[in-house]
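Undergrad: If you want the building blocks of each chain, they are given just below.
There are 2 protein chains.
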Amino acid sequence: MAIKTLKDGLVNELRDMLSAENQIVKALPKMIKNTGSDELRQALQDHLDETREQAERVKGALNILGGSERAKACAGMKGIIEEGDEIMKDASDDTLDALIIAAAQKVEHYEIASYGTAIAWAELLGETDVVNLLTESLNEEKAADEKLTEIARSANVEATEAA
Amino acid sequence: MAIKTLKDGLVNELRDMLSAENQIVKALPKMIKNTGSDELRQALQDHLDETREQAERVKGALNILGGSERAKACAGMKGIIEEGDEIMKDASDDTLDALIIAAAQKVEHYEIASYGTAIAWAELLGETDVVNLLTESLNEEKAADEKLTEIARSANVEATEAA
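Chains as they are written, first to last, in the numbering used here: chain A, 1 to 163; chain B, 1 to 163.
Check before you lean on any hint, since a few could be wrong.
As the list makes no split between identical chains, a pair holds if one copy fits it or if it spans any two.
Claimed, not checked - Straight-line C-alpha distance at most 30 Å; calculated DSS-like pairs for lysine-lysine:
id: 1; residue 1: Lys4; residue 2: Lys89
id: 2; residue 1: Lys4; residue 2: Lys59
id: 3; residue 1: Lys147; residue 2: Lys4
id: 4; residue 1: Lys89; residue 2: Lys59
These are calculated hints, taken from the structure and not from any lab test.
What you are looking at is a predicted structure, and each value in this text was computed from that prediction instead of being measured.
The shape of chain A in the complex, shown without the other chains (with noise of 0.2 Å):
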């Protein structure tokens, strides 16, 4: 689609959020599955449920906007989860939880650079109504990359003991 305006590209954006947010949805349950840490399976499964409800602002967002609801590939989501699957078969039983955390927090980071933007963009085509609801979003997707950086102490330095 050609971005003419700052409204096609937030649209453009919104799309591809999309797509990355239902990614995130298959994705997390295997990263769940494989863990050993409870504290891990739980945040994890935390972040599922907000997954969720991400995608469902994000189509919000795009009602008020007038856009196609209709996700756009997201060839950088696809990457990044794709990264995190092959690492998850190469790790060891110790390194495992390490890696996956390593591995949730370039989804976080690539989720807050995009809402960053999104949110950016919103605020100057003066979409008050997209601005909130995309902050919520963002707040929590920074607040899930901080509760990854706590759990991960404990993680790495189980795999640090086993080396």
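Position chain B against the provided structure of chain A, taking the given hints into account.
TA: Here is chain B on its own, set in the frame of chain A:
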């Protein structure tokens, strides 16, 4: 490769980062060529020079760790760059700079997540020289991201006025 220890994980992550940095070195010239903003052009050019140094630092870190200096294809960065290429094709003259910045910030955030993980692991492994090398790169990535946010303000306003 099997990732049995956190050190294996760190080597694996750095080989991924080496591929990511190499891909960015190839992708930035197209962004530099396409932008109509002198300020953005200069910022991307400066970051291209930094990126070449960052690739050397990653090689230096791999050398310290005794790991292979061979890059390992980074699927995440490949997807992010593909998306940026696609968006540059779809953009109008008015929205191009805003979209280039959005794509470049996704690149930066991937790297911020990756260096963050690698530094945490290197700290735990007591690899102080590796920590120092990578922290220099992480600080550059964060500064590049902030610079892009700053330039985005004027680029976005230009794109809004075209709406």
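Undergrad: With reference to the structure, classify each hint as holding or not holding.
TA: Here is what the structure says about each hint:
1. Lys4 <-> Lys89: between (43 Å within a copy, 12 Å between copies)
2. Lys4 <-> Lys59: within (22 Å within a copy, 42 Å between copies)
3. Lys147 <-> Lys4: between (39 Å within a copy, 25 Å between copies)
4. Lys89 <-> Lys59: Only across copies: Lys89 and Lys59 sit 25 Å apart there, 34 Å inside one copy, limit 30 Å.
In this structure, none of the earlier numbered hints is contradicted; all agree with it.
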